[in-house]
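Peer 1: Each chain, written out:
Number of protein chains: 2
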Amino acid sequence: MRPRLLLLGVVVGAQLLAGPSPGGTLRDDVRAWRMGHEKAILEELDALLRLPNLATHPEIEANADRLQAMLEARGLAVRRLSAGPGTPPALYGELRAEGAARTVVYYAHYDGQPVTPAQWRSDPFVPVMRDGDREVDWRAAPAPLDGDWRLFARSASDDKASIVAILSALDALKASGRPPSVHVKVFLDGEEEQGSPHLRSILEAHKDLLKADLWLFGDGPVHPTRRPQLFFGVRGITGVEITVYGPARALHSGHYGNWAPNPAVLAAELLTSLRDSDGRILIPQFDALVRPPTKAEARALAALPDVETELRQSLALGRTEGSQRLADSLMRPALNVRGMAAGGVGEAATNAIPTEARLSLDFRLVPDQTPADVRERVEDFLRSRGWTLTHDAPDLAARKAAPRLARLEWDEGGYPAQRTDLELPAARAVIAAAERILGARPVILPMLGGSLPMSHFAQVFAVPVVGVPIANHDNNQHAADENLRLQNLWDGIELYAALLADLTW
Amino acid sequence: MRPRLLLLGVVVGAQLLAGPSPGGTLRDDVRAWRMGHEKAILEELDALLRLPNLATHPEIEANADRLQAMLEARGLAVRRLSAGPGTPPALYGELRAEGAARTVVYYAHYDGQPVTPAQWRSDPFVPVMRDGDREVDWRAAPAPLDGDWRLFARSASDDKASIVAILSALDALKASGRPPSVHVKVFLDGEEEQGSPHLRSILEAHKDLLKADLWLFGDGPVHPTRRPQLFFGVRGITGVEITVYGPARALHSGHYGNWAPNPAVLAAELLTSLRDSDGRILIPQFDALVRPPTKAEARALAALPDVETELRQSLALGRTEGSQRLADSLMRPALNVRGMAAGGVGEAATNAIPTEARLSLDFRLVPDQTPADVRERVEDFLRSRGWTLTHDAPDLAARKAAPRLARLEWDEGGYPAQRTDLELPAARAVIAAAERILGARPVILPMLGGSLPMSHFAQVFAVPVVGVPIANHDNNQHAADENLRLQNLWDGIELYAALLADLTW
Numbered sequence: 001m002r003p004r005l006l007l008l009g010v011v012v013g014a015q016l017l018a019g020p021s022p023g024g025t026l027r028d029d030v031r032a033w034r035m036g037h038e039k040a041i042l043e044e045l046d047a048l049l050r051l052p053n054l055a056t057h058p059e060i061e062a063n064a065d066r067l068q069a070m071l072e073a074r075g076l077a078v079r080r081l082s083a084g085p086g087t088p089p090a091l092y093g094e095l096r097a098e099g100a101a102r103t104v105v106y107y108a109h110y111d112g113q114p115v116t117p118a119q120w121r122s123d124p125f126v127p128v129m130r131d132g133d134r135e136v137d138w139r140a141a142p143a144p145l146d147g148d149w150r151l152f153a154r155s156a157s158d159d160k161a162s163i164v165a166i167l168s169a170l171d172a173l174k175a176s177g178r179p180p181s182v183h184v185k186v187f188l189d190g191e192e193e194q195g196s197p198h199l200r201s202i203l204e205a206h207k208d209l210l211k212a213d214l215w216l217f218g219d220g221p222v223h224p225t226r227r228p229q230l231f232f233g234v235r236g237i238t239g240v241e242i243t244v245y246g247p248a249r250a251l252h253s254g255h256y257g258n259w260a261p262n263p264a265v266l267a268a269e270l271l272t273s274l275r276d277s278d279g280r281i282l283i284p285q286f287d288a289l290v291r292p293p294t295k296a297e298a299r300a301l302a303a304l305p306d307v308e309t310e311l312r313q314s315l316a317l318g319r320t321e322g323s324q325r326l327a328d329s330l331m332r333p334a335l336n337v338r339g340m341a342a343g344g345v346g347e348a349a350t351n352a353i354p355t356e357a358r359l360s361l362d363f364r365l366v367p368d369q370t371p372a373d374v375r376e377r378v379e380d381f382l383r384s385r386g387w388t389l390t391h392d393a394p395d396l397a398a399r400k401a402a403p404r405l406a407r408l409e410w411d412e413g414g415y416p417a418q419r420t421d422l423e424l425p426a427a428r429a430v431i432a433a434a435e436r437i438l439g440a441r442p443v444i445l446p447m448l449g450g451s452l453p454m455s456h457f458a459q460v461f462a463v464p465v466v467g468v469p470i471a472n473h474d475n476n477q478h479a480a481d482e483n484l485r486l487q488n489l490w491d492g493i494e495l496y497a498a499l500l501a502d503l504t505w
Numbered sequence: 001m002r003p004r005l006l007l008l009g010v011v012v013g014a015q016l017l018a019g020p021s022p023g024g025t026l027r028d029d030v031r032a033w034r035m036g037h038e039k040a041i042l043e044e045l046d047a048l049l050r051l052p053n054l055a056t057h058p059e060i061e062a063n064a065d066r067l068q069a070m071l072e073a074r075g076l077a078v079r080r081l082s083a084g085p086g087t088p089p090a091l092y093g094e095l096r097a098e099g100a101a102r103t104v105v106y107y108a109h110y111d112g113q114p115v116t117p118a119q120w121r122s123d124p125f126v127p128v129m130r131d132g133d134r135e136v137d138w139r140a141a142p143a144p145l146d147g148d149w150r151l152f153a154r155s156a157s158d159d160k161a162s163i164v165a166i167l168s169a170l171d172a173l174k175a176s177g178r179p180p181s182v183h184v185k186v187f188l189d190g191e192e193e194q195g196s197p198h199l200r201s202i203l204e205a206h207k208d209l210l211k212a213d214l215w216l217f218g219d220g221p222v223h224p225t226r227r228p229q230l231f232f233g234v235r236g237i238t239g240v241e242i243t244v245y246g247p248a249r250a251l252h253s254g255h256y257g258n259w260a261p262n263p264a265v266l267a268a269e270l271l272t273s274l275r276d277s278d279g280r281i282l283i284p285q286f287d288a289l290v291r292p293p294t295k296a297e298a299r300a301l302a303a304l305p306d307v308e309t310e311l312r313q314s315l316a317l318g319r320t321e322g323s324q325r326l327a328d329s330l331m332r333p334a335l336n337v338r339g340m341a342a343g344g345v346g347e348a349a350t351n352a353i354p355t356e357a358r359l360s361l362d363f364r365l366v367p368d369q370t371p372a373d374v375r376e377r378v379e380d381f382l383r384s385r386g387w388t389l390t391h392d393a394p395d396l397a398a399r400k401a402a403p404r405l406a407r408l409e410w411d412e413g414g415y416p417a418q419r420t421d422l423e424l425p426a427a428r429a430v431i432a433a434a435e436r437i438l439g440a441r442p443v444i445l446p447m448l449g450g451s452l453p454m455s456h457f458a459q460v461f462a463v464p465v466v467g468v469p470i471a472n473h474d475n476n477q478h479a480a481d482e483n484l485r486l487q488n489l490w491d492g493i494e495l496y497a498a499l500l501a502d503l504t505w
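Each protein sequence line maps, in turn, to chains U and X.
Under our numbering, the residues of the first sequence are numbered 1 to 505, in order.
Under our numbering, the residues of the second sequence are numbered 1 to 505, in order.
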């Protein structure tokens, strides 16, 4: 395959050089092209959004087919990188740039979160444009379209918009005769929303193919102020389901209350031994592997716009966990309670001692913690506090044998955190290219609070990784009525054009 | 009405004196009569069990009608004591005994817990007799019936069996020509399983009518060893639903975890501040009103048969709360977690910070605590720990204003505990009468762990109250497949006959 890829790369490069150049700035050129092609861009996105994209369903394959065609239409040489039958392929595309010294891989995912159609205002896979609450027939509307309109569909912003943005940026560059300044590789993950269970093995298996100087991540939201945002790290994640046990059958709370152990109390004690209501994790040495912020990161954190005032108001928060600003808090590891359950509350409450209590936790990790490290520290700590731990469902003999028994079921597919030093030449180059096309400094976020599998790339390839999100922050990501604000797509095309054609170090 | 009642009493007394007397002991006579009337007794119970008896449903009235006829058939003068339209009446019946000095009121309830028919092996209101798992046609079986057979139906043991037992005891006494040794009053509560919301007002309104020297309670189970049991107290009860608040909408645990308060952690902290896993309630002075056991109570507690060994085994308990024996534990107040809930666990877990967390608690009180006292101490304690309390659903402004906000919804219908001194003459008389007919000392339980509204009687009438249960302990009370072991009904008729005809002090 390799000779054919190179040949295509040369041909495309020649085509780009042969295209017309309007002579304006990069931003002027890209913007003019976009304003002339808004409906064509949306038609391509609309068609992509009509393909249901749950990674665990066979329908995901149609997405891969469509994307392969879209990449090939831009002259990229495409390969499907599969971890085996029944798993969605990662799509790989390559476009070589004449004279370029650096290679950049652009990452996005094409699968989406599950949907519960009953919760949506309209079919999640029939895109609908809305101006506020009003449905809009964008195909019949005069161009340019209103940038505040929003397109509603699963993956409208997460991440199919990013995929269309990078391909539209290539189109705009080609139309204006501007060649990429770097060799471009595209990597489209097909099971990110499932925790990318096969990503690592795909990367390892194609280490040479994916060799690059920088990975760019087209996932996540822009800043809540709607200012463009670059992020240089993400928190890692691992999760665990914990079950603690009471009597083998539910007992009358009067006849046995004070004698038969109440598992809800045991669960509450277990939880409060792990963390407090200020977000502090109480496991000794839990943060032993935590890397402190660099001076550049501290400066970037201090320069972040105020979001806390508005958030406290809209979320009706009477307090926050600890006294730090939001982004500072996210530089620390977190223990989140996803859920807890025992017995019944309200109408479902009965005067009974429940048989078990459950906690569902997720841990957000920061460099240089790993899921294995977290798992070991949590289990060691619980054992030191008198808990007997099991990973399987205990039988009655095991329950009888242990004064405090907890079953821990760790999530599969977790991953460590990742943070790229802001002072690295590649990091500085990304910031500079973004600043040139924006005409202003973007928001520089040292670490996103959420989790993305960026660490795999850093670990396998030992290269910088930078997040270049374009979606609106209020996009209902992962939930019903996911949407994309049009202006975010238009701005994203400009940002990506800069990162393709104006990136040098 | 009063003259007519007296007249009926005289007539019935005369009839009893005119009946045949076989000349044996009281136990012999009652047992012989029962063995000759087992199917008639069961037919009467069967017919009563076919009447659905949820107190909040109009069908409860048919129970009252049937019971009135059953009481009148034994010559009792009956009155329906109502708290108003739409509430089930308490049934009152009276039978005067010539020459008796003391008056005893016999209490039971005729309403039942709600049923979930899908959880039952057969219709809860079509009684089925079973020998182990095998269904038995008891009407076709040769008498006497196997005492280990069980009759399955809602209220089979709780308390319709007790009602049939006391009426059968009257029948047996009449047949053997033995007059009651006390004036007998019967009081049948129609909404005990709803917490007896109108009981107090009915008692207050009929204070003269219900005047007596002793109340006997035909509710609850015999000892787990199947030995007859008398109990001299019950714990009181009150309950509360607590809601604590997180962000106004569920938040991504990565993007906000460590900053937006997690309500599940707040709920766990609230709970562990109230009690520990040894059952200790941590509210200062919570036990200020707790009355210590008397010497007689301590002796009775020490004499209780071992149930703990078998319970630890069958319940697969790796520990108990504290190091006390079961009955000693029940002498203390208890805080039970009926349920807790926040977010989702297992398949329902999402990486989100929930908007609220809920705790459902019941408190078991001991003399001389009251629900009002508990409520005040709990609320004072939570306020002292920095909680802002509300009893209504808070709006967003209230949530924003309070760093720690908890909504407390106290259950209606709680009541205090009650304990009768074992050394009182009436208490000694009950023990002696039971011991004479049993030929052995019954189990003497100073206080039942469960709750019954016995305190109302002690408070309104200032008389001793003693529990005289007959149901098997393994009767699935309040749950699916409630059942009555036949031998418990037969033994109960003998015990009640002794308490009607051999009680003197």
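Read the hints as simulated data drawn from the structure, not as lab findings.
Fair warning: there could be bad hints in the mix.
One copy or two, it doesn't matter: identical chains are merged, so the pair holds either way.
To be verified - Under the rule of at most 25 Å between Cα atoms (straight-line distance), these lysine to any residue pairs were calculated in the SDA-like manner:
id, residue 1, residue 2
1, Lys39, Ala100
2, Lys211, Trp505
3, Lys207, Val128
4, Lys211, Leu311
5, Lys39, Asp131
6, Lys400, Arg280
7, Lys39, Leu424
8, Lys39, Gly86
9, Lys211, Thr225
10, Lys400, Thr225
11, Lys207, Glu61
12, Lys295, Pro305
13, Lys211, Asp474
14, Lys295, Pro58
15, Lys400, His223
16, Lys207, Gly36
17, Lys207, Asp65
18, Lys400, Pro305
Peer 1: The structure should be examined with respect to each hint, and the outcome stated for every one.
Peer 2: Structure-based check of all given hints:
1. Lys39 x Ala100: neither (32 Å within a copy, 101 Å between copies)
2. Lys211 x Trp505: Intra 17 Å, inter 99 Å, cutoff 25 Å: intra-copy only.
3. Lys207 x Val128: Intra 40 Å, inter 72 Å, cutoff 25 Å: neither.
4. Lys211 x Leu311: neither (41 Å within a copy, 65 Å between copies)
5. Lys39 x Asp131: Within one copy only: 16 Å inside a chain, 78 Å across chains, cut-off 25 Å.
6. Lys400 x Arg280: between (33 Å within a copy, 22 Å between copies)
7. Lys39 x Leu424: Neither. Shortest intra-copy (39 Å) and inter-copy (93 Å) distances fail the 25 Å Cα cut-off.
8. Lys39 x Gly86: neither (35 Å within a copy, 67 Å between copies)
9. Lys211 x Thr225: neither (35 Å within a copy, 76 Å between copies)
10. Lys400 x Thr225: between (56 Å within a copy, 22 Å between copies)
11. Lys207 x Glu61: within (24 Å within a copy, 80 Å between copies)
12. Lys295 x Pro305: Classified as within; 18 Å inside a copy, 71 Å across copies.
13. Lys211 x Asp474: Classified as neither: same-chain Cα gap 35 Å, cross-chain 70 Å, threshold 25 Å.
14. Lys295 x Pro58: Classified as neither: same-chain Cα gap 48 Å, cross-chain 75 Å, threshold 25 Å.
15. Lys400 x His223: Answer is between: at 24 Å across copies they meet the 25 Å cutoff, but 53 Å inside does not.
16. Lys207 x Gly36: neither (40 Å within a copy, 91 Å between copies)
17. Lys207 x Asp65: within (24 Å within a copy, 85 Å between copies)
18. Lys400 x Pro305: between (56 Å within a copy, 22 Å between copies)
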